[in-house]
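Peer 1: Quick note, the sequences are listed as chains A and B, same order.
Numbering of the first sequence is given in the working numbering, commencing with residue 1 and proceeding in unit increments.
Numbering of the second sequence is given in the working numbering, commencing with residue 1001 and proceeding in unit increments.
One or more of the hints may lead you astray.
[Said to hold, decoys possible] Mimicking BS3-like on lysine-lysine, the simulated pairs with C-alpha atoms at most 25 Å apart in a straight line are:
(1) Lys228/A x Lys247/A
(2) Lys1093/B x Lys305/A
(3) Lys151/A x Lys186/A
(4) Lys15/A x Lys1093/B
(5) Lys1157/B x Lys375/A
If you're looking for bench data, these hints aren't it; they were derived computationally from the structure.
Computed from a predicted structure; not experimentally measured.
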Amino acid sequence: MNLIELVFRNSFRKKTRFVLTCLSVVVAFFLLTTLAGIDHALNASVSNSNQYRLMTSHKISITRSLPINYQQKIKALAGVADATYVSWFGGYFQNEKNQLAVMAVDHNSYFDIFDEYQIPTEQLTSWKNTRTGLVISQSIADKYDWQIGDKVPLSSSIWMDKSGSFNWEFIVSAIYQQRDNTTDSKRIFFQHLYFDKARAYARNMTSWLSTQIKIDADDEQVSKAIDKLFTNSDAATRTTTEQVFIKEQAQQFVDMAMVIKVVLIAVFFTLLLIVCNTMIQVNRERLNETAMMKAIGFSSLSLVKQVYLESLLMLALGAIFGSLLATLTLSQVQQQFADFLPGIAIDPSHYLTVLYLVIGAAGLCSLFPAITIKKLIISETLGARA
Amino acid sequence: MSTLSTSPKKAVDKKMNNIILKDINKSYSKGDNTVVVHDKFNLAIKSGDFVAIMGPSGLGKSTLLHLMGGLDRPTSGHVKIGEQRIDDLSESKLTRWRAENIGFIFQSHHLLPVLSAQGNVELPLSLTPLNKKQRQQHAATALALVGMAERAHHFPKELSGGQEQRVAIARAIVSDPQILLCDEPTGNLDRKTADEILALLKKLNRDFGKTIVMVTHDNKAAEYASRVINLEEYIASGIEANSAQSPQEQQPFLVEE
Chain A
1 MNLIELVFRN SFRKKTRFVL TCLSVVVAFF LLTTLAGIDH ALNASVSNSN QYRLMTSHKI
61 SITRSLPINY QQKIKALAGV ADATYVSWFG GYFQNEKNQL AVMAVDHNSY FDIFDEYQIP
121 TEQLTSWKNT RTGLVISQSI ADKYDWQIGD KVPLSSSIWM DKSGSFNWEF IVSAIYQQRD
181 NTTDSKRIFF QHLYFDKARA YARNMTSWLS TQIKIDADDE QVSKAIDKLF TNSDAATRTT
241 TEQVFIKEQA QQFVDMAMVI KVVLIAVFFT LLLIVCNTMI QVNRERLNET AMMKAIGFSS
301 LSLVKQVYLE SLLMLALGAI FGSLLATLTL SQVQQQFADF LPGIAIDPSH YLTVLYLVIG
361 AAGLCSLFPA ITIKKLIISE TLGARA
Chain B
1001 MSTLSTSPKK AVDKKMNNII LKDINKSYSK GDNTVVVHDK FNLAIKSGDF VAIMGPSGLG
1061 KSTLLHLMGG LDRPTSGHVK IGEQRIDDLS ESKLTRWRAE NIGFIFQSHH LLPVLSAQGN
1121 VELPLSLTPL NKKQRQQHAA TALALVGMAE RAHHFPKELS GGQEQRVAIA RAIVSDPQIL
1181 LCDEPTGNLD RKTADEILAL LKKLNRDFGK TIVMVTHDNK AAEYASRVIN LEEYIASGIE
1241 ANSAQSPQEQ QPFLVEE
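Extracted from the complex, chain A is given alone in its bound form (with noise of 0.2 Å):
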């Protein structure tokens, strides 16, 4: 009989107790990985961005648009190195359910300025020779098994053609691979003068423009001017640094990701109440036992040490089980959610801070029963004066 036998049998002496806390922070720390893992694609999304690109939008919206002869006058600033525009189709595969990140863009320019897009040079010249013809990821092509050539329809819940459809025909022109293959966007991409001649409203119109400002210009100089070009026209725009774009465009998920992290504190809080409160009740069962052991010559420390350990045990398996189960999760979802978040991963240093989490809650679910067995009067608890 060892301190460490006695913590494992003092753990499972009630069993139903003791499962059900353990199974309230397998929940706590399934969510806590979960989160981790969507917090790391949506920062991959900033990290990857460059710091020359500016984006331009409408002034009042991303949704609204822009006129596409903005580029020229863009490109005529001092400080821009290039620019290009982009107009957002969405579109999906066959079903709602394969739904696609696909943009138009200005074939002549687009790839000059996002060169992480890495074409072989014949695909890209086949592709800017081709007005209907897509670029797609490799893991796109892997995915549905699209090779170059193949004829591909795409639809889109917002854009209609001239005919009234919302089917598009595209053929596979080019597949590119990623510079940074930490992360993978799996975008889509197709001539910007089909779409404009092809779509039946909006025309020379572009949802935003992207711009490459000189490595020696400043870019907050740089947007002011661009916006203050525009101020009096019928659109007048935002610029600001791609990084500072993307973080508003996915301001959609890191709000939601702000309630889910307010939330998880707030389940995090119950459930170390929870494991507190059992660990309290734990204590105040073992209270006869806790004064003999005093008595017969174990520390407060020693006796604290053995509450620490157990509520560690509790938390660690189910820290160990939450994390895991997480991390199983993910892996699957990552698949599903790879078109529009992708990224998600469990970074490393997370199981770090799972391990810190775990060592600190146990201290603090220590704490009370600690005050207890430190104040406890062993006369007085072991038996009443005579």
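We have chain A already, so just place chain B on it with the hints.
Peer 2: Just chain B now, with coordinates in the frame of chain A:
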């Protein structure tokens, strides 16, 4: 820390474990009131003695036992066991001292239900540097001594009240303390079982030289003791001179103080 000797101990250093309570004042606060339990109380118990303390409830019998065992501290006065004054020891030193010198036997056995008889008896030995095998051997010896060798692997819920108390006695003696403090050790037992337990205590006193102080309400139990202190009469006498110790035996303590 010493551990259980397997052979009876006839020769005990008489001065080693004399218990001396001098000018003890003990009071408790109960709300706004202060309850005085002992006022200038003196008592000396010789090493190797088997003393039964009797008397009506509320006189402070258990309090005396707790003071002797370092479970409680006097409001004022001195408690000295052998050469060690324990009332002014720090909490940690007192805990260590208790582990090495005192065995407690309570009315309720307070055995850990998750441990077998063997495990419960081994418990105090986990505070010693003994290895697992040595701990098991000592526990087995203690259990054999109290006639519980056959039940070593039984859990408390599988034992009768008398058997549980025997295990509690084995736990009290496994570290081989010189003093056993027993608070109503037979209070929850039937006559026959109580007699068996008392005989066991007597054996520990007689054959192993343990100093035993037992608080009891049971006249029959007191018959097993070599000295009976009726606390009511003892206090009423006003001099607390009923101590078996002669003034000479008390002298070292008095001189030191």
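Peer 1: Hints first: check each against the structure and report whether it holds.
Peer 2: Structure-based check of all given hints:
{"no.": "1", "hint": "Lys228/A x Lys247/A", "result": "23 Å, holds"}
{"no.": "2", "hint": "Lys1093/B x Lys305/A", "result": "19 Å, holds"}
{"no.": "3", "hint": "Lys151/A x Lys186/A", "result": "19 Å, holds"}
{"no.": "4", "hint": "Lys15/A x Lys1093/B", "result": "37 Å, violated"}
{"no.": "5", "hint": "Lys1157/B x Lys375/A", "result": "30 Å, violated"}
In summary, the structure is inconsistent with hints 4 and 5 from the numbered list given earlier, while agreeing with the others.
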